[in-house]
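Each protein sequence line maps, in turn, to chains A and B.
All residue numbers in the first sequence are consecutive under our numbering, ending with 913.
All residue numbers in the second sequence are consecutive under our numbering, ending with 541.
Do not take every clue at face value.
To be verified - Listed below are several chain B residues computed to face chain A (Cβ distance under 7 angstroms; list not exhaustive):
hint, residue
1, A323
2, I325
3, A330
4, D446
5, A449
6, L451
It is worth saying that the hints were derived from the structure and are not from the lab.
The beta-carbon is built from N, C-alpha and C at its ideal position, and this holds for glycine as well.
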Amino acid sequence: MPGTTHTRNSASAASDRLSVPADAASAPAGTAPAAKPAPPRPWAGRAAASAAPRPGRYLFWLVTAVLALLLGSAVAVTIGPADVSLTQVWGSVATHLGLPVLADGTPVPPLTDAIVWQLRMPRVLTAAMVGAGLALSGAVMQSVTRNPLADPYLLGLSSGASLGAVCVVILGVGFALPAAAFAGALIALFATLNIARVGGSITPGRAVLAGLAIAQLGSAGTSFIIFWSAKGDSYREILNWLLGSLAGSSWTSVLISSVALALVGTGILLAASRLDAFTFGDTNAASLGINVNATRWGFLVAVALLTGAMVAVSGAIGFVGLILPHLVRGLSGPGHRRLLPLVAVVGALFLVLADTLARTVFDPRELPVGIITAFIGVPVFILLIKRKRSAAWA
Amino acid sequence: MVSAHGARTGNSRTALDGAAGVVLDEVSLRIDGVSILSEVSAALPPGTVTGLLGPNGAGKSTLLRIIAGIDRADAGTVALDGAVVGQLRRREAARRIALLEQNLAPSVDLSVREVVLLGRIPHRSRLLGSFGGEDDLGVALAALAMVGAGDLVDRRWHTLSGGQQQRVQIARALAQRPSLLLLDEPTNHLDVSAQLSLLHQVRGLGLTSVLALHDLNLAAAYCDRIVLLQAGRLAAFGTPAEVLRPEIIRAVYGVDCDIVPHPRTGHPVIVFSGPDEPPRPNEGTP
Numbered sequence: 520m521p522g523t524t525h526t527r528n529s530a531s532a533a534s535d536r537l538s539v540p541a542d543a544a545s546a547p548a549g550t551a552p553a554a555k556p557a558p559p560r561p562w563a564g565r566a567a568a569s570a571a572p573r574p575g576r577y578l579f580w581l582v583t584a585v586l587a588l589l590l591g592s593a594v595a596v597t598i599g600p601a602d603v604s605l606t607q608v609w610g611s612v613a614t615h616l617g618l619p620v621l622a623d624g625t626p627v628p629p630l631t632d633a634i635v636w637q638l639r640m641p642r643v644l645t646a647a648m649v650g651a652g653l654a655l656s657g658a659v660m661q662s663v664t665r666n667p668l669a670d671p672y673l674l675g676l677s678s679g680a681s682l683g684a685v686c687v688v689i690l691g692v693g694f695a696l697p698a699a700a701f702a703g704a705l706i707a708l709f710a711t712l713n714i715a716r717v718g719g720s721i722t723p724g725r726a727v728l729a730g731l732a733i734a735q736l737g738s739a740g741t742s743f744i745i746f747w748s749a750k751g752d753s754y755r756e757i758l759n760w761l762l763g764s765l766a767g768s769s770w771t772s773v774l775i776s777s778v779a780l781a782l783v784g785t786g787i788l789l790a791a792s793r794l795d796a797f798t799f800g801d802t803n804a805a806s807l808g809i810n811v812n813a814t815r816w817g818f819l820v821a822v823a824l825l826t827g828a829m830v831a832v833s834g835a836i837g838f839v840g841l842i843l844p845h846l847v848r849g850l851s852g853p854g855h856r857r858l859l860p861l862v863a864v865v866g867a868l869f870l871v872l873a874d875t876l877a878r879t880v881f882d883p884r885e886l887p888v889g890i891i892t893a894f895i896g897v898p899v900f901i902l903l904i905k906r907k908r909s910a911a912w913a
Numbered sequence: 256m257v258s259a260h261g262a263r264t265g266n267s268r269t270a271l272d273g274a275a276g277v278v279l280d281e282v283s284l285r286i287d288g289v290s291i292l293s294e295v296s297a298a299l300p301p302g303t304v305t306g307l308l309g310p311n312g313a314g315k316s317t318l319l320r321i322i323a324g325i326d327r328a329d330a331g332t333v334a335l336d337g338a339v340v341g342q343l344r345r346r347e348a349a350r351r352i353a354l355l356e357q358n359l360a361p362s363v364d365l366s367v368r369e370v371v372l373l374g375r376i377p378h379r380s381r382l383l384g385s386f387g388g389e390d391d392l393g394v395a396l397a398a399l400a401m402v403g404a405g406d407l408v409d410r411r412w413h414t415l416s417g418g419q420q421q422r423v424q425i426a427r428a429l430a431q432r433p434s435l436l437l438l439d440e441p442t443n444h445l446d447v448s449a450q451l452s453l454l455h456q457v458r459g460l461g462l463t464s465v466l467a468l469h470d471l472n473l474a475a476a477y478c479d480r481i482v483l484l485q486a487g488r489l490a491a492f493g494t495p496a497e498v499l500r501p502e503i504i505r506a507v508y509g510v511d512c513d514i515v516p517h518p519r520t521g522h523p524v525i526v527f528s529g530p531d532e533p534p535r536p537n538e539g540t541p
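Isolated chain A, as found in the complex:
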């Protein structure tokens, strides 16, 4: 009987090969399994503190990022043709929110107050929401498609959303803007994934190629519709939708983008740990108890919603969703419960800074913010392509 010729020396086999570092060796010998499967074994092995991932470091980066975002946004509001001080920014915000104004009590001049509250605040807040939403979308897409190049802009979602948005703007039904942008993003997503699919599997390279085609189609469609309708400064309008611009931000934009971010973002954050299960592929995720198809489509529809809302208020801004997750992963580690909150905050900070550059560098002329994000994003993108070693990029 071959079965009996093997002695079940599981305990000694385990200890023979045990060459673990000192902290792991504290696991008692009882962790070796009994010969028969049985009720849960005493997995009493405890990790020494040194072996634990450092939660302090992550918290440090998160707090730093939030503080930088608050400070950066406040400073961004002060920057512009009219001089505004940080104290005046605070004074204006505090007055409108009914908070106590600082002690020195000089009232903010009405003109300054209007500049802060009606012009710059909505713009900075919209930039923050859009940046957070796009970065979050990119991080989720990269995980759920296991494609390090996935991003709403590169895979055509943003162009699709732009096309949808422009259609309703031309038709004059502006209230349907977010819904149309969402529909456009969703259609573009389905189209990209269907073109890229060969026999049930989607390689990252094919997804990017299909996304390129869909993005070109969406851009061409957007340009065509604006050009054809030809009212006013159509070239500028086209540029703003294709490259993205926050110039038209109002409190309505803040409302649309913040509601989308709050609702969809919360849902994504609550389900974040399911994304971890996709690391080694679908079967692996299924083996870890994940309903693979439902989870993937749930996340992708959420990303389309988020992208649609963001594009509706800002046009198609590129590279935020592509590069920030890669940069932030180095700080947070790959676990999504840590990655996603930090990537949202850093995305917000990034777009606030990029938009401030866009409206000040060639003052009084404004650049579409997508030009700035592309100038920063493309070199990083090239670095990513050059550095990665694996066949997963083929």
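Take the given structure of chain A and dock chain B to it, following the hints.
Okay, now just chain B, sitting in the frame of chain A:
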């Protein structure tokens, strides 16, 4: 008659309830009218290592996915310790059954610690709950130690050799704390030494295990039982000595072979004959 002899006893519903180990009861699957598996039955006692053998396309991977509860059978059931796998919630199934597929992702940029912690996902509370907390980390380190890979804990995944990656993946599966371990061709792409030590280690775990294997000799050396599939049907089921016989191997794989006892352990060793070699003496002319 070797075919399925072990399964018939577990065939009736009453025997199935509460039976320990894995009981396959007439598992069948058709896809687009093509039969992938048909009426596969077998009973695998707890703590045994079962080799799942068969030519390419015989249905080994599909059967493993059905046993794991990832795919559903059209007809028939799989029961683990008396519970029907297809009726378990996904998370519940993932706490009892761990499946490792062949495909490794060499490019994944995670530390070994993080890879093994993935196995704790089915045990996390649904929404919040700790991620990679002390308890999870303790389980992960213990699992790594069980496969003799404790010293790899701080390495990056993509720097590991194939054998080390396979070992870390098994540790990841063990971190699920399963009572059933399913491995799809775990020895693929491994050198001889890594193959032997990996299978030795799997045996040493004492878990009920099912291993899809291509190498009949590895199956003969390391498995208590063999499930031999041919075109989705159970060709034979039993101990290696019962299943790995020249006439059965010839019928399933279409190759000639001799079975000799291993000089040290006595388990069957299959010695294959190429098509251009003379037929075996005992199979000569009438």
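Okay, the hints, checked on the actual structure:
Given the 7 angstroms rule on beta carbons, the hint for A323(B) holds: about 6 angstroms separates it from the nearest Cβ of chain A. Because the smallest distance between the Cβ of I325(B) and any Cβ of chain A comes to about 4 angstroms, under 7 angstroms, the interface hint for this residue holds. Interface restraint check: A330(B) against chain A, minimum CB-CB distance 21 angstroms, threshold 7 angstroms, status violated. At its closest, the beta carbon of D446(B) sits 17 angstroms from a beta carbon of chain A; the interface hint therefore is violated under the 7 angstroms criterion.
For the restraint placing A449(B) at the interface with chain A, the shortest Cβ-Cβ distance is roughly 13 angstroms, beyond the 7 angstroms limit, so the hint is violated. Because the beta carbon of L451(B) sits about 12 angstroms from the nearest beta carbon in chain A, more than 7 angstroms, this interface hint is broken.
Of the numbered hints given earlier, the model fails hints 3, 4, 5, 6; all others are met.
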